[in-house]
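All chains should be built: construct the whole structure from the sequences, respecting the hints.
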Amino acid sequence: MTDKTIKENAEEKKPLNFIEQIIEEDINSGKHKEIITRFPPEPNGYLHIGHAKSIILNFGLGERYKGKTNLRFDDTNPVKEDVEYVDSILEDVKWLGYDWNGDVRFASDYFDQLYDWAVMLIKKGLAYVDDQSGEEISANRGTPSKPGTSSSGRNRSIEENIDLFERMKNGEFKDGEKVLRAKIDMSSPNMHMRDPVMYRIKHAHHHRTGNKWCIYPMYDYTHGQSDYIEGITHSICTLEFENHRPLYDWFLEHIYETGKTKPRQIEFARLNLSYTVMSKRKLAQLVEEKYVSGWDDPRMPTISGLRRRGFTPESLKVFAEKIGVAKRENIIDVDLLEFSIREHLNKIAQRVMVVQEPLKITITNYPEGESEWLPAVNNPEDVSMGEREVPFSKTLYIEQEDFLEEADKKFFRLKPGGEVRLRYAYFIKCNEVVKDKNGNITELLCTYDPLSKGGNSPDGRKVKGTLHWVSAEHAVDIQIKQYDRLFNDEAPDSYKDRNFTEFINLESLSVAKNCKAEPYLKQAKQCERFQFERKGYYILDKESKHDNMVFNRTVTLKDSWKNKIFL
RNA sequence: UGACCUAUGGUGUAAUGGUAACACAGCUGGUUUUGGUCCAGUCGUUCUAGGUUCGAGUCCUGGUAGGUCAGCCA
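Per the numbering used here, residue 2 is the first one in the first sequence, and the count goes up by one each step.
If you are wondering where the hints come from, they were derived from the structure by calculation, not from laboratory data. Everything numeric in this text was worked out from a predicted model, so none of it was measured. There's no promise every hint is true.
[Unchecked claim] Restricting the straight-line Cα-Cα distance to at most 20 Å, the calculated cross-link-like pairs of lysine to aspartate or glutamate (EDC-like) are:
#1 Lys263 to Asp478
#2 Lys536 to Glu402
#3 Lys184 to Asp110
#4 Lys563 to Glu339
#5 Lys563 to Asp403
#6 Lys514 to Asp478
#7 Lys436 to Glu402
#8 Lys559 to Asp334
#9 Lys436 to Glu358
#10 Lys514 to Asp494
#11 Lys395 to Asp478
#12 Lys328 to Glu243
#13 Lys67 to Glu35
[Stated by the list, open to error] Estimated spans, in silico, between C-beta atoms of each pair:
#14 Gln22 to Asp113: 36 to 42 Å
#15 Asp132 to Ala492: 41 to 47 Å
#16 Glu382 to Asn441: 37 to 43 Å
Just so you know, even glycine gets a beta-carbon here, dropped at the ideal spot from N, CA and C.
Below, the structure written as structure tokens:
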């Protein structure tokens with residue numbers, strides 16, 4: 002068996018999710034020769050990882066089945082939308098590595114067509130102008146268990162409806178004075194079918210159409226028709242639109258022309274992540290109330306936040322693949338997200354040694370004023386990344402937590418009289434602990450074994466611990482921003498009687514200001530990712546200055562030792 | 001108490017009427033110049049009660065639990 006056939010078999014074996022099954026059936030049955038999907042954000046906020054799931058799903062389907070994927074802004078509500086959001090969404094989709102089919106599209110491009118179809122529906126007796134107020138419409142809609150009641154507008158003549166709708170368009174009425182409604186069924190058990198509003202009056206400036214319109218179509222009347230115009234075959238959305246599907250189909254039924262593609266709406270369960278919130282409204286609240294520094298705060302589950310945190314597009318795609326696509330409500334363990342980024346960064350990240358809480362050590366038997374440069378592997382997972390050299394000298398820093406004055410045998414880092422390896426350098430032994438008057442340890446006096454250069458002793462003597470270290474005189478000072486989960490509760494917005502902000506983790510950000518890095522790090526480029534050995538993965542922040550380098554901690558390394566300390 | 005949807009290890013996702021699988025997390029051990037990586041082991045009466053069938057996680061019926069819907073938001 003060749004590598005290729007093995008790979009193909011492996012791909013064949015991969016189970017299909019329910020959407021892929023539908024698509025394969027549609028292709029096999031000849032219903033569609035080519036599939037077209039779409040990602041349809043409203044430009045009223047920043048994209049989050051839940052959107053990433055949807056983007057990866059839709060564009061992934063396009064790639065997998067050699068079809069196309071459109072990017073369309075669902076911009077039917079001018080008072081909430083803005084070009085700022087259009088720009089950030091475009092950036093996020095591109096960063097994820099996707100290129101949409103043709104130009105970026107806007108639902109607002111279809112306003113003329115939508116208007117013409119609305120007139121057509123009026124002429125067919127399927128839509129009417131209603132002059133009830135919002136409150137009246139709501140009151141007369143009934144409840145899920147009680148049918149609604151018709152308004153007088155429902156019986157208007159076609160001519161009058163056409164006249165009124167045109168006057169709505171011409172701006173003869175104030176906001177809220179009239180709406181256009183579909184004439185369906187006021188007693189339908191599905192609330193969405195009780196004569197839904199198609200158009201409302203909003204004398205508002207639209208980010209694309211300016212002041213051309215003062216009536217704007219509602220989502221339900223816009224989305225399916227936009228899909229239809231673009232020839233979308235599979236219109237994939239989240240579960241809360243399930244109840245809208247009969248309405249989606251109803252509009253399409255009445256404007257459909259034989260021979261055209263009729264899109265099919267398919268719903269899947271949105272992503273929920275543990276220890277965070279995912280609604281645009283709540284994320285906006287975190288920004289507005291300054292719990293975070295902005296939409297791209299590295300603690301935010303936004304795509305821009307994850308990007309700044311150091312996540313890679315690849316890791317997000319692997320994550321999306323692992324969580325799958327189904328219709329069941331879910332809360333994904335944030336551990337799985339962390340696993341995905343660790344897995345990728347482990348393969349690609351340059352290793353480097355950084356001491357975050359320095360403890361000075363002096364190698365008493367090392368010559369004063371001298372230093373030497375020792376080779377260090379850049380990435381043990383990828384030897385093609387080569388080696389670099391790290392400077393060693395008489396005065397070094399190690400991590401405070403790597404020394405314990407009174408340690409049990411399970412602690413195999415440095416202790417008085419104990420020997421450890423300094424990675425890529427020498428074995429050292431701690432002979433004396435220097436303290437200040439308050440009893441705080443200020444320095445360790447150690448000796449090194451010159452024969453153990455590189456990290457192995459010729460006498461075959463073993464040492465259990467290996468520490469990272471930095472030469473004091475060569476050290477580069479850097480800052481590290483350490484992020485933890487934003488909430489202390491697994492599902493902060495799942496409580497009916499408590500506000501999600503009550504669960505905010507007040508220690509989600511801590512800054513280590515006095516970190517010592519090996520000199521190699523000086524050449525780090527903006528947004529470059531590293532593994533600081535034994536600690537975690539870090540990215541040089543996009544706003545970092547050359548003389549004041551700031552790294553964001555993407556994720557720690559897995560630490561099976563830490564877990565045991567608390568036992 | 002209307003309509004629609006969902007129910008499989010701690011968390012997700014598979015199994016398309018024929019031995020419940022994979023990943024993550026947890027726990028045990030092994031390897032290791034990162035307590036990382038890697039490797040091995042371990043963790044389930046498929047919500048429930050009936051029914052169909054030689055055979056049911058899968059099909060049927062009833063129940064239970066959860067979700068969605070009463071914006072001129074999307």
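Against the structure, the hints come out as follows:
1. Of the pairs offered as hints, the one joining Lys263 and Asp478 is violated, with about 61 Å between alpha carbons and a cut-off of 20 Å exceeded.
2. For the proposed pair Lys536 and Glu402, the alpha carbon gap of about 12 Å is at most 20 Å, so the pair holds.
3. Of the pairs offered as hints, the one joining Lys184 and Asp110 is violated, with about 26 Å between alpha carbons and a cut-off of 20 Å exceeded.
4. Proximity of Lys563 to Glu339 is assessed by CA-CA distance (about 17 Å); at most 20 Å being required, the pair is judged to hold.
5. For the hint pairing Lys563 with Asp403, the CA-to-CA distance comes to about 12 Å; that is within 20 Å, so the pair holds.
6. Between Lys514 and Asp478, the direct Cα distance comes to roughly 8 Å. Compliance with the 20 Å bound is thereby established for this hinted pair.
7. Simply put, Lys436 and Glu402 have alpha-carbon atoms about 16 Å apart, close enough for the 20 Å limit, and the pair holds.
8. Straight-line distance between C-alpha atoms of Lys559 and Asp334 comes to about 15 Å, which keeps the hinted pair within the 20 Å bound.
9. Of the pairs offered as hints, the one joining Lys436 and Glu358 holds, with about 17 Å between alpha carbons and a cut-off of 20 Å not exceeded.
10. A threshold of 20 Å between alpha carbons decides the hint, and for Lys514 with Asp494 the separation of about 34 Å lies outside it, so the pair is violated.
11. Proximity of Lys395 to Asp478 is assessed by CA-CA distance (about 19 Å); at most 20 Å being required, the pair is judged to hold.
12. The suggested pairing of Lys328 with Glu243 holds, with an alpha-carbon distance near 11 Å, which does not exceed 20 Å.
13. Our distance criterion of 20 Å between C-alpha atoms is met by Lys67 and Glu35, whose separation comes to about 7 Å.
14. A hinted range of 36 to 42 Å for the beta carbons of Gln22 and Asp113 is consistent with their spacing of about 38 Å.
15. At about 44 Å, the CB distance of Asp132 to Ala492 agrees with the hint of 41 to 47 Å.
16. A hinted range of 37 to 43 Å holds for the C-beta pair Glu382 and Asn441, which are about 39 Å apart.
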